[in-house]
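Read top to bottom, the protein sequences are chains W, Y and P. So the first sequence is numbered by the numbering used here: it starts at 27 and just counts up by one. So the second sequence is numbered by the numbering used here: it starts at 19 and just counts up by one. So the third sequence is numbered by the numbering used here: it starts at 40 and just counts up by one.
Please keep in mind that the hints were generated in silico from the structure rather than gathered at the bench. Keep in mind that a hint or two might mislead.
Claimed, not checked - Which bits of chain P does chain Y cover? Going by a derived footprint, with three or more residues having C-beta under 8 Å, they are:
1) 65 to 77
2) 156 to 167
3) 270 to 281
4) 294 to 308
No residue lacks a Cβ here, since even glycine has one placed at the ideal position from N, Cα and C.
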Amino acid sequence: MRRNVLLRLFLAAAVLCILLPAAVLVLWSAAARWSWPSLLPERWSARTVRELLFGSQDLWRLLGSSMSLGSGAAGLSTLIGLLTARAVSLYDFPGKGLVRFAGLLPLLIPGTVFATGIHLVLLRLGLADTAAGVLLVHVMTALPYSIAILTDVTAALGGALEEQAAVLGAGPVRAFFAVSLPELMPGVLSSLSMAFILSYSQYFTTLIVGGGRVKTLALVMVPYIQGGDRSLASVYALAFTGSALLVSALFEALIRHWQKRGDRL
Amino acid sequence: MKKLAALLLALLMALSLTACSGKDEQAEKLDLSAASWDQIVDAAKGTTVTFYGWGGDEDRNNWLANVGAPYMKEHYGITLEVVGMNIDEILAKLAGEKEAGAAAGSIDMIWINGENFYSAKENGLLYGAFLDKLPNTEAYIDTQDPETLNDFCMPIEGYEAPYGRAQLVLFNDSAVTPEAPSSAQELLSYCRQYPGKVTYPALPDFTGSAFVRNIIYELCGWEQFQTMEADYETVKEAIAPALDYLRSLNPYLWNEGRTFPDSSTTVDAMFTDGELVLAMSYSPYGVAVGIENGVYTPTTRTFLFENGTIGNTNYMSIAFNSPNPAGALVVINAMISAGLQLSQYEKLRNLPVVSPEKLSAGEKAAFEAVDMGEGILTQEELLTHRLPEMPAKLVPVIEEIWLNEVVGK
Amino acid sequence: MRKKRTACLLLLPLFAAAALSLLACGSVLAQSLGVIPAFGLEEPTLDYYRDALTSPAFHSALLVSLRVALLSALAAALLGTVLCAALVRVCRARGAMVSLIRLPILVPHTVTALFAILLLSQTGLVSRCAWALGLIDDPGQFPQLLFTPGCGGTILAYLWKEVPFVAYFTLALMAGVSATLGEAAENLGASPLRSFLTVTLPLSLPAVSQAFLIIFLFAFGGYELPLLLGATVPKALPVYAHLAYMHPDLRQRPAAMALYGVILLLSAAMAALYGLLTRRLLRKIGGGR
Chain W
27 MRRNVLLRLF LAAAVLCILL PAAVLVLWSA AARWSWPSLL PERWSARTVR
77 ELLFGSQDLW RLLGSSMSLG SGAAGLSTLI GLLTARAVSL YDFPGKGLVR
127 FAGLLPLLIP GTVFATGIHL VLLRLGLADT AAGVLLVHVM TALPYSIAIL
177 TDVTAALGGA LEEQAAVLGA GPVRAFFAVS LPELMPGVLS SLSMAFILSY
227 SQYFTTLIVG GGRVKTLALV MVPYIQGGDR SLASVYALAF TGSALLVSAL
277 FEALIRHWQK RGDRL
Chain Y
19 MKKLAALLLA LLMALSLTAC SGKDEQAEKL DLSAASWDQI VDAAKGTTVT
69 FYGWGGDEDR NNWLANVGAP YMKEHYGITL EVVGMNIDEI LAKLAGEKEA
119 GAAAGSIDMI WINGENFYSA KENGLLYGAF LDKLPNTEAY IDTQDPETLN
169 DFCMPIEGYE APYGRAQLVL FNDSAVTPEA PSSAQELLSY CRQYPGKVTY
219 PALPDFTGSA FVRNIIYELC GWEQFQTMEA DYETVKEAIA PALDYLRSLN
269 PYLWNEGRTF PDSSTTVDAM FTDGELVLAM SYSPYGVAVG IENGVYTPTT
319 RTFLFENGTI GNTNYMSIAF NSPNPAGALV VINAMISAGL QLSQYEKLRN
369 LPVVSPEKLS AGEKAAFEAV DMGEGILTQE ELLTHRLPEM PAKLVPVIEE
419 IWLNEVVGK
Chain P
40 MRKKRTACLL LLPLFAAAAL SLLACGSVLA QSLGVIPAFG LEEPTLDYYR
90 DALTSPAFHS ALLVSLRVAL LSALAAALLG TVLCAALVRV CRARGAMVSL
140 IRLPILVPHT VTALFAILLL SQTGLVSRCA WALGLIDDPG QFPQLLFTPG
190 CGGTILAYLW KEVPFVAYFT LALMAGVSAT LGEAAENLGA SPLRSFLTVT
240 LPLSLPAVSQ AFLIIFLFAF GGYELPLLLG ATVPKALPVY AHLAYMHPDL
290 RQRPAAMALY GVILLLSAAM AALYGLLTRR LLRKIGGGR
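Chain W on its own, in the form it takes in the complex (with noise of 0.2 Å):
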């Protein structure tokens, strides 16, 4: 058991260089002067705390945009990643390589010429500046994703066991559900969250296809940071990931408790 030593203790220095950083966080955001070499703070304050709940952006509003987003994204992206999971892993055809090479598509593009080509796509469309357009290309974001995670599980369970229902007389939309879906739950799971985080997450994509009307959190929070102000930049900072987090958590504890039900019936 040498072995599990040596890990457990790779785990923890992994904990500790994942939440030192967020310690620092709340250390900053209470901070109003900290100079080296003090270890804490020299003076405290609670300026930026009254700033992110009271100040000149409407926290709730830009949580409550920046959140149905992501819910639609990781839902869109995850069903577009199931589809083509599917068709790459039991179907054959001719062209499959194109198919993967499609899927990395958005990954190849790097987001500053991304953001840019399809801002002049969509403005063509005439979804420039609408939810809609940033919906969709937080979608596409996510999808190379969705896509390769989708794509390892589904080719890793196959056909064999839809098959087995279809014998038994269950008709293909009833034997995905029943037989393979559970089965794929943990990677639909890994797929909602990536799809959830990266549309979240979004700051560049959002502000040029949004146009700045479509307001996340994100995009608020980019400017303090690069403003300087790191008490400020903190807590906004703090403010993201924490709810972030909480989202996430909560999706896999609704997919969870949903996954037992299944399992009771």
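Here the structure of chain W is known, so what remains is to put chains Y and P in place on it, guided by the hints.
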């Protein structure tokens, strides 16, 4: 599969056609050039105006949300919607709209100046001349002021209205370094005295770029640049003494001048951490705000070069495809009134754009009654040490030369 | 035949998305050839590409980007696989730990840059701890990690985000493989290490290698971290392109777009090369499909 692709393409094209056909309703709009001011105010009532500009200044955001927007609502029935966006992104967005031929855009007002104004005007991204249309131009603005006529030596021709004034200032903590260098030569000996503890933001940062131009003014004078061609070799030759000086500074700078911090905000953070002993800012009253917030020590003080520092004005303009130019005119007119300028002076410590000669005695007294706080220079000291900007075209050229000739040299 | 049609139907949304992406690339490439009618630029030309490819600043930028992308992606793939194995082995791929490693993934790059500055700069928390331990007595003595031509800070910041990403991306597959085939191998008498190296790892490799490709391309094409944490010169290629893109003169736009065109073509070429290499590699170790 080919059939499907064809279907898809057809669908896309159909979509784009329907999107384009809906955009021909511009004709019935009020003709602003012929309309009287009252007609414009009437037309603007009940509309929404979008104001795009940098969103990283929380104090300004708060002011716009709590003073600016309610003022517009109350006096003109206009909903002011402020959108935080960097100017290069605003221009990219406008450029995209122009290219796609979108007749009605989404941006009404833009916070802009300098090279960006120059580029936007050159490329037809602005609405046109409107300054004369505003009653408050006549009432409060000095129309013969060089900064009303020119923006970075670029004729404004009424395409933008002044919003606030900025001026480059230096600041340090008198408890840490008692010296306050007041010329380029003094700055050099200051850097020698505190090696590794002075630097400036890497160009093209706004403040870093202004600092380098200020050094150029110190060593090469400012007059010759007002009419100079934006040619790399010409400019390089003209600023050779400044380049020599900047290179002689490098050995004593932070990280020996091999690398410079990415932005003025980073320099600011390094200064408050005590990593640097000197910082610089485009907001001449910023130190007072910092001392009040507790970010700077009470012994922090502002100073500038004896020969003066670069000052410029930032402006409000209207987008070429503004969906509501009448509303934008009304809002801009209100922004340059004595009332809102005083409020910005008070709340944001912003150098006002109204001309003191045009203010009534009461308005003047109100401006003088404002307590500007600690660690700063008076408005008079600032304005008597104010140098004009260079032509906008030269700025990117100087930035390129700096990158090639100064960093790590 | 019917199967083919079903497959096509299933792929329809993907094709729509891909078509939009291609259109987006097309409009960028058109601009890179100098065609922006709105600004009076109408003649297509390759001059912008020639200028971009012959500039020395471009060459050093390319080297910086390749270095950052390769080093961070390799290290992240390695450490991420170990992290994933630890999660599968120690936490059975569930629980608080799994939620925790999602934190860096959902932190945007700008916030990661903020972390790097708060922790790793010469006045950051690590430097303060070094002072408290008596190791240094001036911020200048703390090693310069950020803003250096070696890009240490950029790479570290990428690692902070990408190691958990690789672990998370691989987790579903590795947990599945480990729970079925890996345990089977152990039941047949293989040691845990041996079962991991010979069964679980090879079967998880498709996910690891895909994660590698994703982060490599991202680090090659992303501009936020190198912009906020990189050196003044040489700049990473996307930063170089981004600054050209932000050039106030809009008629310089094609020059920036040509740089983006180069990034685009290089990314595509590297992805294709990578596809060829991994296919062969995966077939060799028997993990390919």
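Consistency of the hints with the structure:
Counting residues of the segment 65 to 77 of chain P whose CB falls under 8 Å from any CB of chain Y gives 3; the rule of at least 3 is met. Counting residues of the segment 156 to 167 of chain P whose C-beta lies closer than 8 Å to any C-beta of chain Y gives 4; at least three are required, and the coverage claim holds. Only when three residues or more bring their CB closer than 8 Å to a CB of chain Y does the claim for the segment 270 to 281 of chain P stand; here the count is 3, and the claim holds. Check result for the segment 294 to 308 of chain P against chain Y: violated, 0 residues qualifying (beta carbon to beta carbon below 8 Å, three or more required).
Taken one by one, the earlier hints fail for this structure only at number 4.
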